[in-house]
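2 protein chains.
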Amino acid sequence: MTAPERERLARAALNFVGEPGSVPLATEVAAKGGERAYDDLLAGRSLLSEDLALRAQRVDPVAELLRAAEQGIRFAVPGDDEWPAMLDDLAFADELQQRGGIPVGLWVRGPRRLDEMVQHAVAVVGSRAATSYGCQLAADIGAKVAAAGVTVVSGAAFGIDFHAHRGALTVDGPTVAVLAGGVDRAYPEKHAPLLEHIAHTGLLVSEAPLGAASMRVRFLARNRLIAALARGTVVVEAAVRSGALNTANWTAGLGRTLMGVPGPVNSAASEGVHQLIRSRGALLVTRPEEVLEAVGPMGSFMLREPRAAAHPRDLLPIADQQVLDAVPIAQPALTESVARIAGVHPRRTREALDRLLSAGLVECVSAGWRALRDTEAPG
Amino acid sequence: MTAPERERLARAALNFVGEPGSVPLATEVAAKGGERAYDDLLAGRSLLSEDLALRAQRVDPVAELLRAAEQGIRFAVPGDDEWPAMLDDLAFADELQQRGGIPVGLWVRGPRRLDEMVQHAVAVVGSRAATSYGCQLAADIGAKVAAAGVTVVSGAAFGIDFHAHRGALTVDGPTVAVLAGGVDRAYPEKHAPLLEHIAHTGLLVSEAPLGAASMRVRFLARNRLIAALARGTVVVEAAVRSGALNTANWTAGLGRTLMGVPGPVNSAASEGVHQLIRSRGALLVTRPEEVLEAVGPMGSFMLREPRAAAHPRDLLPIADQQVLDAVPIAQPALTESVARIAGVHPRRTREALDRLLSAGLVECVSAGWRALRDTEAPG
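In the order they appear, the protein sequences are chains A and B.
Mind the numbering: the first sequence is residues 66 to 444 in the numbering used here, read in order.
Mind the numbering: the second sequence is residues 66 to 444 in the numbering used here, read in order.
Hints in this document: simulated from the structure, not taken from any laboratory.
Treat the hints with caution; some may be incorrect.
Note that identical chains are pooled: a pair holds if it fits in a single copy or bridges any two copies.
Subject to a maximum C-alpha distance of 25 angstroms in a straight line, what follows is the list of computed SDA-like cross-link-like pairs (lysine to any residue) [what the hints assert, rightly or not]: (1) Lys255 with Glu358; (2) Lys209 with Pro329; (3) Lys97 with Asp205; (4) Lys255 with Ser431.
Modelling step: build the complete structure from the supplied sequences, incorporating the hints.
Written as structure tokens, this is what we have:
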């Protein structure tokens, strides 16, 4: 199914005249639909600024869509099969971010269907000024999550974003880059090869029209889309002023799962993440499996908590464990004393001590029995 | 105020015949008081084991208390001013730990009053097999917390415990070591100088009678006292099998504040702590100030979240920020385009751009205005 062509053209025109994340425009379109919002704007019956009306008259949406199509770029709008229903949540998200609302449409470049790609998706974001620790983790999470069939959504920026996409690509996994500028432009320029690669295997998505440059307001608008296109967001590294925290705010505002990867407390690059875990209820995650468990379809990724390798003590019968626990660690004790403290009959204690001796868990010195070091005292 | 001498003698005797943390003994004493529990045991009217009754007949509590007093050691019991009321919470703590209950008494060695020392106290615990990262943090937390007048409670073990005590001692701050064996014995032996130091400036405390050796069951019993003698417990490092997790369980069971210091996710020594934060609701803490905020007397330690140094952008008037946000980061744009995207009148935009130019936040090239790198795009 595709949206009616007049609706698409109207929304394309509105997309050209309004800024990404413009709340008045989103509100108008939500109330009237694209076609009527556009007609009203052209006819001067709109509450939107006159400036917008003037520009609307100059835009030729048919030409714009054709120009895009020539570059393999489409403009997806509500009503298209491809339109992700999860974007609707943006209508209710807290608008404290200067930008907000459901986008009037999205410019999409790549061979895959957007709705399918983001059906199971997680955003992996973080600082541009990332450490090698963070970059390695981002790549590892990107790879393992994508290998499990979950799409990695990120912003193609330097640092964490880059490595998250790269991780997904190393396993030929699904990844979507949501850009602040046009999907026909490589920003940052150095990531042109990455973006080309993603355009051929995954998707590039942007709310900004073709040719649009990247600027701070558009990053703020873009971050809400990253949050909205994923079931949850993992912040891998973020200093206290990182833009990734803006994406985190959107994630929380949308009621999606917010996750953070901890790091050394003396690393400035982890400080923002630690704050998210401490004060914003972000879930601490340490491994890709924990990310999958948190955002995967219910029950599809069952996680086993990491446990230490079985300790020799755990393999003993309970009675032998009781005896072992009662053997002193430093100064040796006689069998009778061990029996008393263990609360086990002396004859059975003697038998247990023999087994513990064979197992190498205790030693017998002149003054009695002593536990060997590797039985490790608890605490 | 001190407890009646007969009650103290009865409890000292019971302490000698029962193991630390014996639940049947604690239950009996809670129901009858020390004196009657002891009399009943001697008269064979007790539900406690016959074995205990036999041993009770052999103990001479007067001699034991005298022997202790000669070494400067006292036996504190409920009714003494020194007895910390917070130990009463152990009557209600979940007894899943093999050991539990309010101790019948505590052997105390050192110049300070126990109740005063633990009035504002935090436990700082962790792995024996700690990393230098963990040891440094433990010392830092120990020092800063103690310098603020909050007592550092720990177990004098190798690794984190040692460095937590050491941190407190470096600032001549208050610290209490809770031992699994007798307070007259140095365990571990290598920590004899540390324990001597604490015995002269702080307190050594144990539920185990003089001369008692350290063994696994006694560590389990001891851990509940560490948790009970502090308002909260910070776990600095703990592998998934660390005994510090046992102390963490007691802390949670007692409804005290459980805290954990994160570390690199690839450090096995932080794995147990990450689990506590992930699954047990432990509060993530990264600095001593955060520990103080969590356990200090209400409102006494107000914490300011770390913030990045003020960014030049933050110092601008709002209108100038709006203009700056609309200046492209890569390709330059003309004033009119910046004005349109900023939603600011062209004349005012021109004035703002001039100010931004002087402030070094934008540059003017042949094709127009461009934001300079350090304005850092958000995300």
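Now the hints, each set against the structure:
In this assembly of identical chains, the alpha carbons of Lys255 and Glu358 never lie at most 25 angstroms apart, being 34 angstroms within a copy and 45 angstroms across copies at closest. With identical chains, the CA atoms of Lys209 and Pro329 are at most 25 angstroms apart both within one copy (23 angstroms) and between copies (19 angstroms). Taking the closest pair of Cα atoms, Lys97 and Asp205 never come within 25 angstroms of each other, the shortest separation being 45 angstroms inside a single copy and 61 angstroms across copies. With identical chains, the CA atoms of Lys255 and Ser431 are at most 25 angstroms apart between copies only, with a shortest distance of 23 angstroms across copies and 73 angstroms within one.
Consistency note: the structure conflicts with the earlier hints numbered 1, 3.
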